[in-house]
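Asks: Next come the chains, spelled out residue by residue.
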Amino acid sequence: MPTKRPSATPSSAPSPSPSTTPPTTLLSGPKTLSANASVSDIACNVWNQYLTTTPQRTMLLDAFMAFLVLVGGVQFAYCVVAGNYPFNAFLSGFCAAVGQFVLTASLRMQTSPSGSGEGEGNKSFSAAKAGKVVGDRSEGVKDGGVSHERAFADYIFGSLILHFFCINFIN
Amino acid sequence: MAESTSPVDALLKGSSGRSARGLLRIIILVTIAAAAVSSRLFSVIRFESIIHEFDPWFNFRATKYLIQNGFYDFWDWFDDRTWHPLGRVTGGTLYPGLMVTSGVIYHILRFLTIPVDIRNICVLLAPAFSGLTAFAMYLLTNEMSSSPSAGLLAAAFMAITPGYISRSVAGSYDNEAIAIFLLVFTFFLWIKAVKNGSIMWGALAALFYGYMVSAWGGYVFITNLIPLHVFVLICMGRYSSRVYISYTTWYALGTLASMQIPFVGFLPIRNSDHMSALGIFGLIQLVAFADFVRGFLPGKQFQRLLTASIILTSGLAFVGLIVLTMSGVIAPWSGRFYSLWDTGYAKIHIPIIASVSEHQPTAWPSFFFDLNFLIWLFPAGVYMCFRDLKDEHVFVIIYSVLASYFAGVMVRLMLTLTPIVCVAAALVLSYILDTYLKTSPGPINRGRSSEDPSSEALRSARTPEVGISSYFSKAVTTSATIVYLLLFVAHCTWVTSNAYSSPSVVLASRMPDGSQFIIDDYREAYYWLRQNTPANAKIMSWWDYGYQIGGMADRPTLVDNNTWNNTHIATVGKAMSSREEVSYPILRQHDVDYVLVVFGGLLGYSGDDINKFLWMVRIAEGIWPDQVKERDFFTSRGEYRVDDQATPAMRNSLMYKMSYHNFNKLFPMGQATDRVRGTKLPSESPQLSTLDEAFTSENWIIRIYKVKDLDNLGRDHSNAVAFDHGNKRKKTTKKKGPRVLRSE
Numbered sequence: 001m002p003t004k005r006p007s008a009t010p011s012s013a014p015s016p017s018p019s020t021t022p023p024t025t026l027l028s029g030p031k032t033l034s035a036n037a038s039v040s041d042i043a044c045n046v047w048n049q050y051l052t053t054t055p056q057r058t059m060l061l062d063a064f065m066a067f068l069v070l071v072g073g074v075q076f077a078y079c080v081v082a083g084n085y086p087f088n089a090f091l092s093g094f095c096a097a098v099g100q101f102v103l104t105a106s107l108r109m110q111t112s113p114s115g116s117g118e119g120e121g122n123k124s125f126s127a128a129k130a131g132k133v134v135g136d137r138s139e140g141v142k143d144g145g146v147s148h149e150r151a152f153a154d155y156i157f158g159s160l161i162l163h164f165f166c167i168n169f170i171n
Numbered sequence: 001m002a003e004s005t006s007p008v009d010a011l012l013k014g015s016s017g018r019s020a021r022g023l024l025r026i027i028i029l030v031t032i033a034a035a036a037v038s039s040r041l042f043s044v045i046r047f048e049s050i051i052h053e054f055d056p057w058f059n060f061r062a063t064k065y066l067i068q069n070g071f072y073d074f075w076d077w078f079d080d081r082t083w084h085p086l087g088r089v090t091g092g093t094l095y096p097g098l099m100v101t102s103g104v105i106y107h108i109l110r111f112l113t114i115p116v117d118i119r120n121i122c123v124l125l126a127p128a129f130s131g132l133t134a135f136a137m138y139l140l141t142n143e144m145s146s147s148p149s150a151g152l153l154a155a156a157f158m159a160i161t162p163g164y165i166s167r168s169v170a171g172s173y174d175n176e177a178i179a180i181f182l183l184v185f186t187f188f189l190w191i192k193a194v195k196n197g198s199i200m201w202g203a204l205a206a207l208f209y210g211y212m213v214s215a216w217g218g219y220v221f222i223t224n225l226i227p228l229h230v231f232v233l234i235c236m237g238r239y240s241s242r243v244y245i246s247y248t249t250w251y252a253l254g255t256l257a258s259m260q261i262p263f264v265g266f267l268p269i270r271n272s273d274h275m276s277a278l279g280i281f282g283l284i285q286l287v288a289f290a291d292f293v294r295g296f297l298p299g300k301q302f303q304r305l306l307t308a309s310i311i312l313t314s315g316l317a318f319v320g321l322i323v324l325t326m327s328g329v330i331a332p333w334s335g336r337f338y339s340l341w342d343t344g345y346a347k348i349h350i351p352i353i354a355s356v357s358e359h360q361p362t363a364w365p366s367f368f369f370d371l372n373f374l375i376w377l378f379p380a381g382v383y384m385c386f387r388d389l390k391d392e393h394v395f396v397i398i399y400s401v402l403a404s405y406f407a408g409v410m411v412r413l414m415l416t417l418t419p420i421v422c423v424a425a426a427l428v429l430s431y432i433l434d435t436y437l438k439t440s441p442g443p444i445n446r447g448r449s450s451e452d453p454s455s456e457a458l459r460s461a462r463t464p465e466v467g468i469s470s471y472f473s474k475a476v477t478t479s480a481t482i483v484y485l486l487l488f489v490a491h492c493t494w495v496t497s498n499a500y501s502s503p504s505v506v507l508a509s510r511m512p513d514g515s516q517f518i519i520d521d522y523r524e525a526y527y528w529l530r531q532n533t534p535a536n537a538k539i540m541s542w543w544d545y546g547y548q549i550g551g552m553a554d555r556p557t558l559v560d561n562n563t564w565n566n567t568h569i570a571t572v573g574k575a576m577s578s579r580e581e582v583s584y585p586i587l588r589q590h591d592v593d594y595v596l597v598v599f600g601g602l603l604g605y606s607g608d609d610i611n612k613f614l615w616m617v618r619i620a621e622g623i624w625p626d627q628v629k630e631r632d633f634f635t636s637r638g639e640y641r642v643d644d645q646a647t648p649a650m651r652n653s654l655m656y657k658m659s660y661h662n663f664n665k666l667f668p669m670g671q672a673t674d675r676v677r678g679t680k681l682p683s684e685s686p687q688l689s690t691l692d693e694a695f696t697s698e699n700w701i702i703r704i705y706k707v708k709d710l711d712n713l714g715r716d717h718s719n720a721v722a723f724d725h726g727n728k729r730k731k732t733t734k735k736k737g738p739r740v741l742r743s744e
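Residue numbers (full-length UniProt numbering), protein chains in the order written: chain U, 1 to 171; chain X, 1 to 744.
To be clear, the hints were calculated from the coordinates, so they are not data collected in a lab.
Any given hint might turn out to be false.
Unchecked claim - Stretch by stretch, here's where chain X covers chain U in the computed footprint (C-beta under 8 Å, at least three residues): (1) 61-70; (2) 97-110; (3) 162-170.
Predicted model only: the values in this text are computed from it and were never measured.
By construction, the Cβ of each residue, glycine as well, lies at the ideal position given by its N, Cα and C atoms.
Based on the provided sequences and hints, a complete structural model is requested.
Replies: See the structure below:
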């Protein structure tokens, strides 16, 4: 993370680490696929693009989310296999995972450069994304209405409440 | 005030005008809150500072318990003084929000060395919170409209509209007292969250939702309304990260918060009432993911992917739902919920729900009675929302559609309709006023219009100065609006003082000379019980009076307004509606020492037990269809009579006997009349053999009977009574067979 930040400060330049991701690559990328490619091909393509375009900071959040999904999944599997005896405990553990996942997803939306864009049709999604990869702060504030610091503070606030309830509920 | 009302001034001064306006706004809001509080004090002034009605008595008792024993004891409270042989796990079966709120207020006041009696806190809690509701209403409406006057108008409406006052007069210490404030405030936070897309607002909404859950069962309304709002937004193609953030935060935190309340417990994941929220939560995850993936793909491939995944997930969800429902993991919908959709449902399946008067469908006039001219501004307000369709306006539309339906189904839910009617009406009215008054600073005063008629008149006289269009049309429209507002205020005051300010524990009537006559039979009787019976004497009465007996007489009861055990209530119903020979064993088995009936025949008090009697019969019939039959209580011509032609089942029922026992002695021979039913009574008083009259209140409203012990000589009670009267009816005794205690 900290190593990432200084390199990201030049706003217009594409970020160095996820290699070359100028806007053109992004938009032209999918076109290499034929229009009626199979579902698995499309999925592969999406995955590759994701790997190449996502800034590392967001990737970290994604990894955390994947971890949470894993934790939740394990708890659920345990509940199915071994029974739900301390149901409170299972529930609060599971809810903690889900809640944290959701909060992280929200944080990701607010902080990742593209997510802060409002509105439904994100046609400009990818373009905007590539344009201000690891975006500079001021712009994020303008279009999302929520600055990164604010988003993070909110995230902590939400997490605190979440875990307070979970601990209270766990018995 | 004069400074900023003059528009020219305000325009010239700019920023100072704005701050003056802010100040004025605060003053107006405070005035509105004061009006809200003071208009609810009729009952305190007319009567005294007393808890009203039925449920509040339980809340009051629980609050006292909380204060005396502390929070943890309250949480684990097992109450053995209600539902006599069974007891009630009170701590786990109530919504603690109300009691905890007043407990906290009590301790804060104590900490500030202001010793206030807990009763006064309880009595005045509802008015105090109504002031806060007005404020929350202001915030909510301000989110809906850019007009500066809308919020103030809505706050003023909310403060004095009878639809809300009906549940929040001083002394009606019920869950709704704080719940409506929480409802409105949660909606405000929700709208704020959707607008800003911030986790903080979502989390705050969840916190207040949790508070709401702790306070009122009506939280289910929020639980379903917010997901519906989100669903409609998604369907309209308005999905955005803001919606995702606010909804998921609200749901994740709110559900956890609601599960902290023991009474709610696991309901949010088990009960079908809550399933829509969970479903939308899943849906929005999918939508978000789809939205995320769409960023990487051009349209065509995305569609392919989308169809594939939609088919997959909906198939999975459907199978999952069926499996869960089959295996009974998801509980079926609750009875009260069914009765919302099918108004006839309760009558057929659950008489106990149908028997509660506030669960009856609303009569049309009561819409006008409770909301006055707001009700016809309401559709216009909804239309205005369509014209300016933002996310929050969608919310108003959904809310109004749902709430108007529910309000039509159940009288009680008029309460949830009231806030949105106030919002919609305020939107319309502020629009009218903005149009016809050429606003800028002007409309601030509009908020006062319903408060302060004098300034309003002044305003209308001054209007033309500002006008740019026709002088005449402005004057007409403005004055018409003002007339309506004044009428509204007059109507609200009238309704509040006449219809909603009676404690129903203490009754008032007018003497022929116009002076007030206070009928205080309830308290007289309850205090008689408190003073003259052992502390453990079990009192049997119909469930309506259970809470009052518990609260005022402090005696154990068999059934009360909690109605959690239908069979137990049916047992009481059976005891009341059967012959003495059947009832007596029931009374003995339940350790009943005293039986209390409410009788209005002398005074013409219509809410008495004979009028409720059919419900007792019906509920008992629901459990023992072969022993109690409703048909037996109607004459062959299908009439429900209490006079000479009453059916034998009626005349031999315990309830009838207790009500009319010795009643004819008040009248000259053969003149006994029941003033409620308006009929002459049989000249002979019904004979009671197993009960002794213990107490009858001044106006005969409450009659208390003591259950006789078993006879010393082992005789049957009717025999013993007959023997005491000096006539030996040997033949009848033989007929009756062995003298054993009958048991079922």
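Asks: Give a verdict on every hint.
Replies: Okay, the hints, checked on the actual structure:
Here's how the segment 61-70 of chain U fares: 0 of its residues keep a CB closer than 8 Å to some CB of chain X, so the rule of at least three is not met and the hint is violated. Look at the segment 97-110 of chain U against chain X: 9 of its residues bring a Cβ nearer than 8 Å to a Cβ of that chain, three or more, so the hint holds. Residue count for the segment 162-170 of chain U with a Cβ under 8 Å from a Cβ of chain X: 5. That meets the three needed, and the coverage hint holds.
Comparing the model with each numbered hint stated earlier shows that hint 1 is the single one that does not hold.
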